[in-house]
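Those protein sequence lines, which keep their order, are chains X and H.
In terms of numbering that gives the first Met the number 0, the first sequence opens at residue 0 and continues consecutively.
In terms of numbering that gives the first Met the number 0, the second sequence opens at residue 0 and continues consecutively.
Be careful, since some hints might not be right.
No farther apart than 27 Å at their CA atoms in a straight line, the calculated lysine-lysine pairs in the DSSO-like style are these [said to hold, decoys possible]:
{"no.": "1", "chain 1": "H", "residue 1": "K403", "chain 2": "X", "residue 2": "K36"}
{"no.": "2", "chain 1": "X", "residue 1": "K31", "chain 2": "H", "residue 2": "K330"}
{"no.": "3", "chain 1": "X", "residue 1": "K368", "chain 2": "H", "residue 2": "K52"}
{"no.": "4", "chain 1": "X", "residue 1": "K348", "chain 2": "H", "residue 2": "K52"}
{"no.": "5", "chain 1": "X", "residue 1": "K348", "chain 2": "H", "residue 2": "K368"}
{"no.": "6", "chain 1": "H", "residue 1": "K331", "chain 2": "X", "residue 2": "K348"}
{"no.": "7", "chain 1": "H", "residue 1": "K52", "chain 2": "X", "residue 2": "K31"}
{"no.": "8", "chain 1": "H", "residue 1": "K368", "chain 2": "X", "residue 2": "K52"}
{"no.": "9", "chain 1": "H", "residue 1": "K202", "chain 2": "X", "residue 2": "K31"}
{"no.": "10", "chain 1": "X", "residue 1": "K36", "chain 2": "H", "residue 2": "K368"}
{"no.": "11", "chain 1": "H", "residue 1": "K331", "chain 2": "X", "residue 2": "K36"}
{"no.": "12", "chain 1": "X", "residue 1": "K368", "chain 2": "H", "residue 2": "K331"}
So the derived label-pair ranges between C-beta atoms look like this [claimed, not checked]:
{"no.": "13", "chain 1": "X", "residue 1": "D370", "chain 2": "H", "residue 2": "E329", "range": "48 to 58 Å"}
{"no.": "14", "chain 1": "H", "residue 1": "N195", "chain 2": "X", "residue 2": "K100", "range": "52 to 62 Å"}
{"no.": "15", "chain 1": "X", "residue 1": "D3", "chain 2": "H", "residue 2": "G14", "range": "50 to 60 Å"}
{"no.": "16", "chain 1": "H", "residue 1": "D370", "chain 2": "X", "residue 2": "N46", "range": "26 to 36 Å"}
{"no.": "17", "chain 1": "H", "residue 1": "D8", "chain 2": "X", "residue 2": "K100", "range": "49 to 59 Å"}
{"no.": "18", "chain 1": "H", "residue 1": "L216", "chain 2": "X", "residue 2": "N195", "range": "41 to 51 Å"}
{"no.": "19", "chain 1": "X", "residue 1": "D307", "chain 2": "H", "residue 2": "G65", "range": "40 to 50 Å"}
Calculated from the structure, these hints are not laboratory results.
Quick reminder that beta carbons are idealized off the backbone N, C-alpha and C, glycines included.
Residues per chain, in single letters:
Protein chains: 2
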Amino acid sequence: MSVDSIYSDLTLKNGAKMALLVMDGLGDIATKDTDYKTPLEAANTPNLDALSKDSAMGRLIPAAHGITPGSGPGHLGLFGYDPLEVEVGRGVIEALGLGIKLEPGDIAARANFCSLDTNALVTDRRAGRIETELCEERCAILSEKIKRIMDAEVIIRPGKGHRFVVIFRGADLAGPLSDTDPHREGFPIAETQPENSNCDKSKKAAQIIGEFYKAALPLLQGMEPANGFLMRGIAHQPDIPTFDVRYSMRAACLAIYPMYKGLAQLVGMTKIEGLQDISEQFQKCIELYNDYEYFFVHHKYTDMYGEDGNFEAKTKAIEDFDAALPILLEKKPDVIAITGDHSTPCALKGHSWHPQPVLLYSANSGSDKLDRFTETNCNSGSLGIIEAKHLIRLMQANALMFDKFGA
Amino acid sequence: MSVDSIYSDLTLKNGAKMALLVMDGLGDIATKDTDYKTPLEAANTPNLDALSKDSAMGRLIPAAHGITPGSGPGHLGLFGYDPLEVEVGRGVIEALGLGIKLEPGDIAARANFCSLDTNALVTDRRAGRIETELCEERCAILSEKIKRIMDAEVIIRPGKGHRFVVIFRGADLAGPLSDTDPHREGFPIAETQPENSNCDKSKKAAQIIGEFYKAALPLLQGMEPANGFLMRGIAHQPDIPTFDVRYSMRAACLAIYPMYKGLAQLVGMTKIEGLQDISEQFQKCIELYNDYEYFFVHHKYTDMYGEDGNFEAKTKAIEDFDAALPILLEKKPDVIAITGDHSTPCALKGHSWHPQPVLLYSANSGSDKLDRFTETNCNSGSLGIIEAKHLIRLMQANALMFDKFGA
Numbered sequence: 000m001s002v003d004s005i006y007s008d009l010t011l012k013n014g015a016k017m018a019l020l021v022m023d024g025l026g027d028i029a030t031k032d033t034d035y036k037t038p039l040e041a042a043n044t045p046n047l048d049a050l051s052k053d054s055a056m057g058r059l060i061p062a063a064h065g066i067t068p069g070s071g072p073g074h075l076g077l078f079g080y081d082p083l084e085v086e087v088g089r090g091v092i093e094a095l096g097l098g099i100k101l102e103p104g105d106i107a108a109r110a111n112f113c114s115l116d117t118n119a120l121v122t123d124r125r126a127g128r129i130e131t132e133l134c135e136e137r138c139a140i141l142s143e144k145i146k147r148i149m150d151a152e153v154i155i156r157p158g159k160g161h162r163f164v165v166i167f168r169g170a171d172l173a174g175p176l177s178d179t180d181p182h183r184e185g186f187p188i189a190e191t192q193p194e195n196s197n198c199d200k201s202k203k204a205a206q207i208i209g210e211f212y213k214a215a216l217p218l219l220q221g222m223e224p225a226n227g228f229l230m231r232g233i234a235h236q237p238d239i240p241t242f243d244v245r246y247s248m249r250a251a252c253l254a255i256y257p258m259y260k261g262l263a264q265l266v267g268m269t270k271i272e273g274l275q276d277i278s279e280q281f282q283k284c285i286e287l288y289n290d291y292e293y294f295f296v297h298h299k300y301t302d303m304y305g306e307d308g309n310f311e312a313k314t315k316a317i318e319d320f321d322a323a324l325p326i327l328l329e330k331k332p333d334v335i336a337i338t339g340d341h342s343t344p345c346a347l348k349g350h351s352w353h354p355q356p357v358l359l360y361s362a363n364s365g366s367d368k369l370d371r372f373t374e375t376n377c378n379s380g381s382l383g384i385i386e387a388k389h390l391i392r393l394m395q396a397n398a399l400m401f402d403k404f405g406a
Numbered sequence: 000m001s002v003d004s005i006y007s008d009l010t011l012k013n014g015a016k017m018a019l020l021v022m023d024g025l026g027d028i029a030t031k032d033t034d035y036k037t038p039l040e041a042a043n044t045p046n047l048d049a050l051s052k053d054s055a056m057g058r059l060i061p062a063a064h065g066i067t068p069g070s071g072p073g074h075l076g077l078f079g080y081d082p083l084e085v086e087v088g089r090g091v092i093e094a095l096g097l098g099i100k101l102e103p104g105d106i107a108a109r110a111n112f113c114s115l116d117t118n119a120l121v122t123d124r125r126a127g128r129i130e131t132e133l134c135e136e137r138c139a140i141l142s143e144k145i146k147r148i149m150d151a152e153v154i155i156r157p158g159k160g161h162r163f164v165v166i167f168r169g170a171d172l173a174g175p176l177s178d179t180d181p182h183r184e185g186f187p188i189a190e191t192q193p194e195n196s197n198c199d200k201s202k203k204a205a206q207i208i209g210e211f212y213k214a215a216l217p218l219l220q221g222m223e224p225a226n227g228f229l230m231r232g233i234a235h236q237p238d239i240p241t242f243d244v245r246y247s248m249r250a251a252c253l254a255i256y257p258m259y260k261g262l263a264q265l266v267g268m269t270k271i272e273g274l275q276d277i278s279e280q281f282q283k284c285i286e287l288y289n290d291y292e293y294f295f296v297h298h299k300y301t302d303m304y305g306e307d308g309n310f311e312a313k314t315k316a317i318e319d320f321d322a323a324l325p326i327l328l329e330k331k332p333d334v335i336a337i338t339g340d341h342s343t344p345c346a347l348k349g350h351s352w353h354p355q356p357v358l359l360y361s362a363n364s365g366s367d368k369l370d371r372f373t374e375t376n377c378n379s380g381s382l383g384i385i386e387a388k389h390l391i392r393l394m395q396a397n398a399l400m401f402d403k404f405g406a
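Here chain X stands alone, though its shape is the one from the complex:
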């Protein structure tokens, strides 16, 4: 019997409310350069501090020891799916983020316009980061002329800037396929290849994408700087048991950026649109309090400033989150987990493998007697240093959603 089916058998639906509050890339490292402080330690966080006293803490290994995850695997882990088993293509995530409802067997690719020289070599992988409007125009041209390739329906949707998404539907296809992006300038557009060369559905998908290029590139001829395009993260939608089936909870996603909405939708959460900042996100949780059991709130800026290596701005992003937190605490959900989807240490200016700190508050969590939510305190918390995928089970346990196992 798998652990998942044991959890499933023990699950009681009790209407408890829980909130997963993700400060993207929250975790950081203490170094000599920052006087051995992390942004969490440097930040002024009275509301987190108050919560800390009555919380359990620990650290979450996002995917596996030493592995630096992208946002996809990072969030899938927090949602309770093993990110090493559930591989989701970036194309699928982007498509979901743009509000495209994918069907089983759809192949989705993340695409972006690029510049090609007269020898068909890529001179700018992002076409000078053209404006969204120009991207929309180009996509309209492609959509107008290319409706089908072989027996696959082709759906093209513009995103922000130079980005767009292409879906190939209804031809019994499978991914994943290699990128057509050569990943450096001065090289031609690469030919996509099935990752599993024995898979007939993938081979067909690669053939269709080859034909798509033959049809599309002539339409863009002379349209510098966006006279070509590259495709990445080409894959089909994975078959994932959705949130309500797996956890017996109705889940809402309160995110601002498309990628996180896409990820949440992939596991069956309802996207809430039109939110602008963390105060609105928390406010919306309160408004929708009776409609869902699980609220996923995503705060992007900790990651963004971590990527910039901007310690002060990351610290400020944490303080903004902290300042808005009382809006949510007015209702005080039964269980609150606060964490990151991975670490984005300022010193590394990028995602990292360091386990992210996690705080778990409920009436049943017990107190670890740690008076602030910091990486160092989390090292000695009662949750231990565990894989992120276990968090949701601890949240459910704290919500008293599990019956006793065995007599």
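Since chain X is already given, all that's left is putting chain H on it; use the hints.
Chain H in isolation, oriented as in the chain X frame:
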């Protein structure tokens, strides 16, 4: 997709340098009798202390909870192989340590002379610990007379004291086989049996070893105290992916004792010969700095004195290591891990299951703000209490050898 293949896919070869510094049997336990101090705590270690401030710490479970490993599994774990999956016979390790190049399908056994009475019962399992010279003489007699058994070539090589190694080659054999050592005096030499009784190659190996005894024992008749011999750890060389293939690093072994050289060679490290003490070992790292990416340095004496229950001598062995450390730190490899292969608590006078402390230093490790490297401090480090096999992946991550996983 296995975790190993994910790591493999993400690996970037970047020439970063790393050092695994093993103080054998380092871990210890604090007891009332030692005023609740461990040797690491009692030792004066200014250089380890200085490194501690900028390091991450944790503890390593050598094989599995509660399992006390030998040096083989202990080191295989540190080298990133699951010691519960990769079983390496002691005979193979000894043979490698003696510089015998094993071929695929070779069966190697660790042997030692013993004393037999007139009823062929073992009266001394180590033949009064005869001198190496006598061992060499006896081995020469056996080698001279026994070149083949059935279709297997027989190779006999003397070791230190009463120990020797026997290899059976070229007859399509397999192990592992049970020991012929009865493990107590007063019993006859045991008949070896295949561990897997359905394996024809192992059955044949058992038959060949039986015939080898029939040929060899008469040659030793009357040669008391070494008129018999016992065999242990009878097995074939396992098929292990080597270090360069698995980790994309050239690895050097800087050990003094044959066993550790053998283990390192088994996973494809290059043995560096002629080293006498820890200063020379560190010095050699510096000399070979450009030739390898991974340096395995083995310090034996912590274990040896732990086995003796000699707290002061174990403490001194740690201090000797600490005093020599600056030789290596002159180059400051990008990543330094300092740990044991298991614990050898003085109070237990032997190996134990207690997780060994580990210190991981790099520019990217972050600081756990622990000012000394001790068992107790390691309990609250950011690495957590994890299986030893994960260490090398954390070292690679700290060396920035892994690409991001997923988008």
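Evaluation of the provided hints:
no., hint, verdict
1, K403/H x K36/X, "25 Å, holds"
2, K31/X x K330/H, "20 Å, holds"
3, K368/X x K52/H, "25 Å, holds"
4, K348/X x K52/H, "22 Å, holds"
5, K348/X x K368/H, "22 Å, holds"
6, K331/H x K348/X, "23 Å, holds"
7, K52/H x K31/X, "9 Å, holds"
8, K368/H x K52/X, "22 Å, holds"
9, K202/H x K31/X, "62 Å, violated"
10, K36/X x K368/H, "10 Å, holds"
11, K331/H x K36/X, "24 Å, holds"
12, K368/X x K331/H, "38 Å, violated"
13, D370/X x E329/H: 48 to 58 Å, "42 Å, violated"
14, N195/H x K100/X: 52 to 62 Å, "54 Å, holds"
15, D3/X x G14/H: 50 to 60 Å, "42 Å, violated"
16, D370/H x N46/X: 26 to 36 Å, "31 Å, holds"
17, D8/H x K100/X: 49 to 59 Å, "31 Å, violated"
18, L216/H x N195/X: 41 to 51 Å, "57 Å, violated"
19, D307/X x G65/H: 40 to 50 Å, "47 Å, holds"
Consistency with the previously given hints fails for numbers 9, 12, 13, 15, 17, 18, ordered from lowest to highest.
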